[in-house]
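Model the full assembly from the supplied sequences, consistent with the hints where possible.
4 protein chains.
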Amino acid sequence: MKYRVYYEDTDMGGIVYHANYLKFCERARSDWFYDNGLSPATQEYHFIVKSIKAEFIKPARLGDILEVSNTVLEVGSASLKIFQRIECNGMEIYTQEVVVVCMKGERIRRLPEEIKGFLL
Amino acid sequence: MKYRVYYEDTDMGGIVYHANYLKFCERARSDWFYDNGLSPATQEYHFIVKSIKAEFIKPARLGDILEVSNTVLEVGSASLKIFQRIECNGMEIYTQEVVVVCMKGERIRRLPEEIKGFLL
Amino acid sequence: MKYRVYYEDTDMGGIVYHANYLKFCERARSDWFYDNGLSPATQEYHFIVKSIKAEFIKPARLGDILEVSNTVLEVGSASLKIFQRIECNGMEIYTQEVVVVCMKGERIRRLPEEIKGFLL
Amino acid sequence: MKYRVYYEDTDMGGIVYHANYLKFCERARSDWFYDNGLSPATQEYHFIVKSIKAEFIKPARLGDILEVSNTVLEVGSASLKIFQRIECNGMEIYTQEVVVVCMKGERIRRLPEEIKGFLL
Numbered sequence: 000m001k002y003r004v005y006y007e008d009t010d011m012g013g014i015v016y017h018a019n020y021l022k023f024c025e026r027a028r029s030d031w032f033y034d035n036g037l038s039p040a041t042q043e044y045h046f047i048v049k050s051i052k053a054e055f056i057k058p059a060r061l062g063d064i065l066e067v068s069n070t071v072l073e074v075g076s077a078s079l080k081i082f083q084r085i086e087c088n089g090m091e092i093y094t095q096e097v098v099v100v101c102m103k104g105e106r107i108r109r110l111p112e113e114i115k116g117f118l119l
Numbered sequence: 000m001k002y003r004v005y006y007e008d009t010d011m012g013g014i015v016y017h018a019n020y021l022k023f024c025e026r027a028r029s030d031w032f033y034d035n036g037l038s039p040a041t042q043e044y045h046f047i048v049k050s051i052k053a054e055f056i057k058p059a060r061l062g063d064i065l066e067v068s069n070t071v072l073e074v075g076s077a078s079l080k081i082f083q084r085i086e087c088n089g090m091e092i093y094t095q096e097v098v099v100v101c102m103k104g105e106r107i108r109r110l111p112e113e114i115k116g117f118l119l
Numbered sequence: 000m001k002y003r004v005y006y007e008d009t010d011m012g013g014i015v016y017h018a019n020y021l022k023f024c025e026r027a028r029s030d031w032f033y034d035n036g037l038s039p040a041t042q043e044y045h046f047i048v049k050s051i052k053a054e055f056i057k058p059a060r061l062g063d064i065l066e067v068s069n070t071v072l073e074v075g076s077a078s079l080k081i082f083q084r085i086e087c088n089g090m091e092i093y094t095q096e097v098v099v100v101c102m103k104g105e106r107i108r109r110l111p112e113e114i115k116g117f118l119l
Numbered sequence: 000m001k002y003r004v005y006y007e008d009t010d011m012g013g014i015v016y017h018a019n020y021l022k023f024c025e026r027a028r029s030d031w032f033y034d035n036g037l038s039p040a041t042q043e044y045h046f047i048v049k050s051i052k053a054e055f056i057k058p059a060r061l062g063d064i065l066e067v068s069n070t071v072l073e074v075g076s077a078s079l080k081i082f083q084r085i086e087c088n089g090m091e092i093y094t095q096e097v098v099v100v101c102m103k104g105e106r107i108r109r110l111p112e113e114i115k116g117f118l119l
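Residue numbers (numbering that gives the first Met the number 0), protein chains in the order written: chain A, 0 to 119; chain B, 0 to 119; chain C, 0 to 119; chain D, 0 to 119.
Among these hints, one or two may not hold up.
Same chains, same names: a pair is fine if it fits in one copy or spans any two.
The calculated DSS-like cross-link candidates involving lysine-lysine, where the alpha carbons are at most 30 Å apart (straight line), are [as the list claims (entries may be wrong)]:
(1) Lys103 to Lys57
(2) Lys115 to Lys57
(3) Lys103 to Lys80
(4) Lys115 to Lys52
(5) Lys52 to Lys80
(6) Lys80 to Lys57
(7) Lys115 to Lys49
(8) Lys80 to Lys49
(9) Lys52 to Lys1
(10) Lys1 to Lys49
(11) Lys115 to Lys103
(12) Lys52 to Lys103
(13) Lys80 to Lys115
(14) Lys1 to Lys57
Hints were generated in silico from the structure; no laboratory data involved.
As structure tokens, then:
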């Protein structure tokens, strides 16, 4: 998954605003679903973020192409732990470990089979 | 309505990212509702933006206090035209004329009486 | 220029937050520069937005693919007026007329020749 | 430090978009500086985020007032570890442990004395 850094992503430090790396990672989780023929959110399920451990290693700048990879660490009955790495020009610039929980409306629900299917 | 400019609002030009002035104006419209004991969105109504004419006059910077004023220009049966001005250190830095339309779910609805009440 | 709508772009109305259409348009202006071998911002020049007239015609939703087109309306000595249209599933959903001004640091400067070159 | 949740902060789930909690925390760090007569960024110093461990405990919604507290956990020669908690209606809804590093331009620098002063 590749994403370009635009003006909107930068801050007055001339680099990507720290919270925006979480957005790039969320795009990559969504595109991973789309690439497997699924939506990241339907009437039947959606995901909420439970926890994130993020390491900001190097800054990215306007025009940089960010490459985001997703690695499943754990599949629970209703949750996923995913490791995400952002690379830029072949260098690791950001990593996060994120736990997401599957919901239907305001309640936790089991992971749908079609999602388990492409994760495992 | 006063709002401080934070790091998140700036871009690599060192000034507030242009689209963020629209957000400050939306905060001011919301706070105007809250100050009149109303929510800007309930099960019964919410608003969508129909058009905006924006003039970016001077830039704002980190730490600046933006003062946003709302002036009703027109009250339609289901819509409002509002003039909003942002001042910073006593100088006008941004203006917009915005038309918002009152909705219930996906349909246009008449302005609730309690909203007309504080507008007129 | 095609951009997908992600979770970050939506609001509690279930549609794209109004100010985010300006961001999609800015990405399209940037990609137009990149596609012509230029950066939208260098030490020598960058652009600031002077005015925007925006029409919000139909809402976009999660997963929608937005197609943004740029049409030059006027080329001034230091400014550009551009018409931008966003389509989604073949329907026009948003238009804006934007005036941007070319800057070097905090001063207005003439449009660089290489930019005039691909605009005209 | 109190901040209201606006439309811009929400997503299609009807709650605050996860990455935006980091923004509320950053506002609170900035306001903490301002309340002590200092800017969070000057020509002499600014801060970059090195790592974040975030727990998303309960969701916040439009109109909620978020109360953010800052607790210094560690003061290094050039870095700070801060614990931040967001409460809403008296309940803890989000916590993060953030490490920020003091910079001058692109280089790490020692914490200025005036900052150490109010931290300790």
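Each hint tested on the structure:
no.: 1; hint: Lys103 to Lys57; in the structure: between (37 Å within a copy, 16 Å between copies)
no.: 2; hint: Lys115 to Lys57; in the structure: between (33 Å within a copy, 26 Å between copies)
no.: 3; hint: Lys103 to Lys80; in the structure: within (19 Å within a copy, 36 Å between copies)
no.: 4; hint: Lys115 to Lys52; in the structure: both (23 Å within a copy, 27 Å between copies)
no.: 5; hint: Lys52 to Lys80; in the structure: both (11 Å within a copy, 14 Å between copies)
no.: 6; hint: Lys80 to Lys57; in the structure: both (24 Å within a copy, 19 Å between copies)
no.: 7; hint: Lys115 to Lys49; in the structure: within (19 Å within a copy, 33 Å between copies)
no.: 8; hint: Lys80 to Lys49; in the structure: both (10 Å within a copy, 22 Å between copies)
no.: 9; hint: Lys52 to Lys1; in the structure: both (22 Å within a copy, 25 Å between copies)
no.: 10; hint: Lys1 to Lys49; in the structure: both (25 Å within a copy, 23 Å between copies)
no.: 11; hint: Lys115 to Lys103; in the structure: within (16 Å within a copy, 37 Å between copies)
no.: 12; hint: Lys52 to Lys103; in the structure: both (25 Å within a copy, 26 Å between copies)
no.: 13; hint: Lys80 to Lys115; in the structure: within (13 Å within a copy, 38 Å between copies)
no.: 14; hint: Lys1 to Lys57; in the structure: both (17 Å within a copy, 28 Å between copies)
In this structure, none of the earlier numbered hints is contradicted; all agree with it.
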